[in-house]
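Enquirer: Residue-level listing of the chains:
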Amino acid sequence: MADSSTKNLSDAKYDSVNDRLAMVGALINLPDVTKIEFSK
Amino acid sequence: MGYWCNLLQGRGDQTCFYSTGEAKTMESKAYQAYLHQREATIVPMQDGSKLAAVEEVRTTVDLQSHPVDLHVMPNCGAECQAAGRYLNDDGLVLDTTANQNVYQLTYSHTNATAQEVPALLTLTVTRQENGKATNIDKELVNQNDVLAAVYISNAKALNLD
Numbered sequence: 001m002a003d004s005s006t007k008n009l010s011d012a013k014y015d016s017v018n019d020r021l022a023m024v025g026a027l028i029n030l031p032d033v034t035k036i037e038f039s040k
Numbered sequence: 001m002g003y004w005c006n007l008l009q010g011r012g013d014q015t016c017f018y019s020t021g022e023a024k025t026m027e028s029k030a031y032q033a034y035l036h037q038r039e040a041t042i043v044p045m046q047d048g049s050k051l052a053a054v055e056e057v058r059t060t061v062d063l064q065s066h067p068v069d070l071h072v073m074p075n076c077g078a079e080c081q082a083a084g085r086y087l088n089d090d091g092l093v094l095d096t097t098a099n100q101n102v103y104q105l106t107y108s109h110t111n112a113t114a115q116e117v118p119a120l121l122t123l124t125v126t127r128q129e130n131g132k133a134t135n136i137d138k139e140l141v142n143q144n145d146v147l148a149a150v151y152i153s154n155a156k157a158l159n160l161d
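Chains A and B, in that order, give the protein sequences. Under my numbering, think of the first position of the first sequence as 1, with each following residue one higher. Under my numbering, think of the first position of the second sequence as 1, with each following residue one higher.
Treat each hint with caution, since some may be false.
What the hints assert, rightly or not - Taking lysine to any residue and the SDA-like style, the derived pairs with C-alpha atoms no more than 20 angstroms apart in a straight line are: (1) K35/A - L140/B; (2) K156/B - S39/A; (3) K50/B - V117/B; (4) K13/A - T110/B; (5) K35/A - A149/B; (6) K7/A - A119/B; (7) K13/A - T97/B; (8) K156/B - D11/A; (9) K7/A - K50/B; (10) K50/B - S16/A; (11) K13/A - S108/B; (12) K132/B - T34/A; (13) K156/B - V17/A; (14) K35/A - K138/B.
Unchecked claim - Beta-carbon label-pair distances, calculated as ranges: (15) T6/A - G77/B: 31 to 39 angstroms; (16) S4/A - T110/B: 15 to 23 angstroms; (17) V17/A - D62/B: 21 to 29 angstroms; (18) T97/B - K13/A: 21 to 29 angstroms; (19) Q104/B - A22/A: 20 to 28 angstroms; (20) L8/B - V24/A: 15 to 23 angstroms; (21) E37/A - K156/B: 38 to 46 angstroms; (22) T6/A - A53/B: 28 to 36 angstroms; (23) Y31/B - S39/A: 36 to 44 angstroms.
To be verified - Listed below are several chain B residues computed to face chain A (Cβ distance under 7 angstroms; list not exhaustive): (24) L121; (25) T122; (26) V125; (27) I152.
Read the hints as simulated data drawn from the structure, not as lab findings. Remember, predicted model here, so these are calculated numbers, not experimental data. A virtual CB, placed ideally from N, CA and C, is assigned to each residue, including glycine.
In isolation and in its complexed conformation, chain A is listed as follows (with noise of 0.2 angstroms):
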């Protein structure tokens, strides 16, 4: 089974501690998943 997910880049935070973008979103099984795009 392949899927994509597409994942709306402006929930991500920019974290400056550690100097880096986090993007958590729902829980993705891999074994069903083969693009996951982050777009605005």
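Fit chain B to the supplied structure of chain A, relying on the hints for placement.
Expert: Chain B only, in chain A's frame:
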């Protein structure tokens, strides 16, 4: 040569740095440790300290009941890219054939400038044909086959802040 980022949270004031291969001196008191990720890589990781505090995780077996995070650290030319491989099994099985999921991970976004933040970040997950846990219900070995969060390291230098 390239960027390195410390994945352990809030430790040290050099979260990310550029190295040309020189030696780095860092404090190493009993409570100080570092885990640096090299650019162009993707690595799976679980925050054991947080899971111990919030979910009462105590052992590596306990960790298998919780989803994983992916840490992406791109290398930028015209495009920013990273790649990695993630293997997941129950940690006990000797014959991993049909008992292990093997994922090839690639990431890309258009190189950003301060004026133009990329509109699309793409993470591609490809399971190897000979790396599928078909012996296991729904091919989910455990919760380590579930993705919780994606982190893009060195975000400020990539204009993703």
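Enquirer: Hints first: check each against the structure and report whether it holds.
Expert: Each hint tested on the structure:
| no. | hint | in the structure |
| --- | --- | --- |
| 1 | K35/A - L140/B | 18 angstroms, holds |
| 2 | K156/B - S39/A | 18 angstroms, holds |
| 3 | K50/B - V117/B | 31 angstroms, violated |
| 4 | K13/A - T110/B | 19 angstroms, holds |
| 5 | K35/A - A149/B | 14 angstroms, holds |
| 6 | K7/A - A119/B | 12 angstroms, holds |
| 7 | K13/A - T97/B | 39 angstroms, violated |
| 8 | K156/B - D11/A | 17 angstroms, holds |
| 9 | K7/A - K50/B | 24 angstroms, violated |
| 10 | K50/B - S16/A | 19 angstroms, holds |
| 11 | K13/A - S108/B | 18 angstroms, holds |
| 12 | K132/B - T34/A | 14 angstroms, holds |
| 13 | K156/B - V17/A | 11 angstroms, holds |
| 14 | K35/A - K138/B | 19 angstroms, holds |
| 15 | T6/A - G77/B: 31 to 39 angstroms | 26 angstroms, violated |
| 16 | S4/A - T110/B: 15 to 23 angstroms | 19 angstroms, holds |
| 17 | V17/A - D62/B: 21 to 29 angstroms | 26 angstroms, holds |
| 18 | T97/B - K13/A: 21 to 29 angstroms | 41 angstroms, violated |
| 19 | Q104/B - A22/A: 20 to 28 angstroms | 23 angstroms, holds |
| 20 | L8/B - V24/A: 15 to 23 angstroms | 18 angstroms, holds |
| 21 | E37/A - K156/B: 38 to 46 angstroms | 23 angstroms, violated |
| 22 | T6/A - A53/B: 28 to 36 angstroms | 32 angstroms, holds |
| 23 | Y31/B - S39/A: 36 to 44 angstroms | 41 angstroms, holds |
| 24 | L121 | 4 angstroms, holds |
| 25 | T122 | 5 angstroms, holds |
| 26 | V125 | 5 angstroms, holds |
| 27 | I152 | 4 angstroms, holds |
The structure fails hints 3, 7, 9, 15, 18, 21 (numbered hints given earlier, in ascending order).
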